[in-house]
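Novice: Generate the whole structure from the sequences, applying the supplied hints.
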Amino acid sequence: MGSVLKIDKLTHYFGGLRAVYDFNLDLPPHALWGLIGPNGAGKTTIFNLVTGMYNPTEGSINFLGHDIKGKKPYQIVHMGIARTFQNLRIFDSLSVLDNIRIARHYTTQSSKHTHTRDENYTKQFSRTSLFDSLFRTSRYNIVEEQIKEEAYELLKIFKLENCMYDTAKNLPYGMLRKLEIARALATHPSLLLLDEPAAGMNPAEVGNLMELIHFIRDEFNLTILLIEHHMKVVMGICEYIKVIDFGETIAEGKPKEVANNPKVIEAYLGKGE
Amino acid sequence: MKLNNNSIFSKILYFFKRRIVLFLIASIIVMLIIMLLHTFDILNSYIIQIINVSLVYVILAVSLNLINGFTGQFSIGHMGFAAVGAYTSATITTLLLKITPTSLPNYIIFILALLAGGCLAGLTGFIIGFPSLRLKGDYLAIMTLGFGEIIRTIFNNINFVGGPRGLLGIPKFSTFPIIFITSILTIIIIRNLVFSTHGRALLSIRENEVASELVGVDTTKYKILAFVIGAFFAGIGGGLLAHLIQIAHPTQFGFMYSILVLIMVYAGGMGSISGSVIAAFVLTFLSEGLRVALASLSDLLKFPVGDQWRMVIYSLLLIFIMLFRTEGLMGMKELKFLIPEEEDIHGKCS
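Which chain is which? The protein sequence lines are A and B, in order.
The first sequence begins at 0 in numbering that gives the first Met the number 0 and counts up by one.
The second sequence begins at 0 in numbering that gives the first Met the number 0 and counts up by one.
The set of hints was computed from the structure by calculation and includes no laboratory data.
Fair warning: this is a prediction, and the values are worked out from it, not measured in the lab.
Here a beta-carbon is modelled for each residue, glycine too, at the ideal position from N, C-alpha and C.
One should not assume that every hint holds.
[Claimed, not checked] Pairwise CB distance ranges, derived in the manner of DEER restraints:
1) B:Leu184 / A:Asp7: 53 to 63 Å
2) B:His345 / A:Glu152: 19 to 29 Å
3) B:Thr38 / A:Ser137: 36 to 46 Å
4) A:Gly15 / B:His345: 47 to 57 Å
Specialist: Structure follows, in structure tokens:
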């Protein structure tokens, strides 16, 4: 099987500012890769380009052999890419359960953008229409129960099941981070983009998170690309790392190779006199 | 309980224990009591009229709450949709009764006319929503305000429906039971929508549009959906209003009335159906009650207190509501009977 995500010569300008330049990526299935670089290097911009939040100036993005350039964000989610955010974007005043259930909503609707999925994908979900929702038909109850059960199973993996009826904004920060990952998983992705999952976590939580990322990759058969500043995480779990600075790739390779690369040290620490 | 779970008796018992069924039964009892009190003249026609107007405002406020409170799209041209519904249904009923004496009973004509008005209002909502829902916040508000005024001006200039004179001679089909049942149905349908998977998609747009899009919600489609459903019920409400006061006049659907409905939504609480219902009743009764109160006050003081003070006091009360309950009377909370049992669980995680 080919690559999950293939990015070719991706370039993006914000007006006159070159945010990403000539970025290439060939992400194999089931990989766990890291994307690192100093602040403002263009890492999040790459995520935003892949998820359709920005339209790239140049270059191509292929997901499982399908061109996703110019697709809308929700369409890309239907195709199977999910992401989390550097600054949390939780549905604050809704319950934890609702946060998950919203992510599961689109699977109850017919979508033209699930052609990247395998055949069994569409069969596993029951469908519901607006009519069912407005008039509470028996089909509505079946679908709602299915969604709720699945959400509960997912929250159990993240040990959030006791909090499922709490309003999301009342949860501590570390739990919200987990909730966001759980919400991304609820969309049934095959590629997961994690934007600084360890930001703001204490060392113990970071340790748990690393185990968790490994676990969900195997459990949900995912390919993961993550941005991280926390070197312990990046060096600990990533199989391969790309380093970018000012939008350009300055180094790539196995964690150890990258860590000793003089260009990387220079980008992070500056040049010695 | 568990043992004879399948017996017909326990099924029936379960059915009648459900909140929504209890709510329906309770509202029918309330309706019958009010009708009974009216026949014994304990509630005079004036009070019944105020109740009717309140119920129409319930429909308008609840449907606007779907757009403003639940979906978070700031729309202030709601009376425009009501105008479409009012003029459409009123034209149908007046024309049909004038031209052809049909064999159909009047109330069936009326219900069909109301539905036609609602559908046309929904269509208007779609036409307006499609271009304007690309905008956010204040810009959307200005756009909807503009569209509301355009609709009003169009009716002001169509001679067929009376132009600036208004459409006169509308039959009085909006009786208390019809208005009451319609508003209960509106409340139940909007409640069903809000507490469903589609409704949660709408809520997610209010909470965080970017995140909503990135968990697979087609935000444009759902915003239009909220707009169309809101406009549909506004059209029904407008139709009921026209057949209640027996005239459809462009000034009835002016900007100030859109603001009045908006105030009900905010005073009741954004994202609370029960809040909108309470606010629609409180504000309509307050507005009328002040009339009576001011009259008796001037009698008492032997000093003329003009009717113009009514609006001053009304506005002051609104300011106090907003100062001391910024989130509205109900906030985002819902009265128990409107929450489905399976959704009414509150966690305490430790």
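Novice: If a hint holds in the structure, say so; if it does not, say that too.
Specialist: Right, here's what the structure says about each hint:
| no. | hint | verdict |
| --- | --- | --- |
| 1 | B:Leu184 / A:Asp7: 53 to 63 Å | holds (56 Å) |
| 2 | B:His345 / A:Glu152: 19 to 29 Å | holds (21 Å) |
| 3 | B:Thr38 / A:Ser137: 36 to 46 Å | holds (40 Å) |
| 4 | A:Gly15 / B:His345: 47 to 57 Å | holds (52 Å) |
The structure fails none of the hints (numbered hints given earlier).
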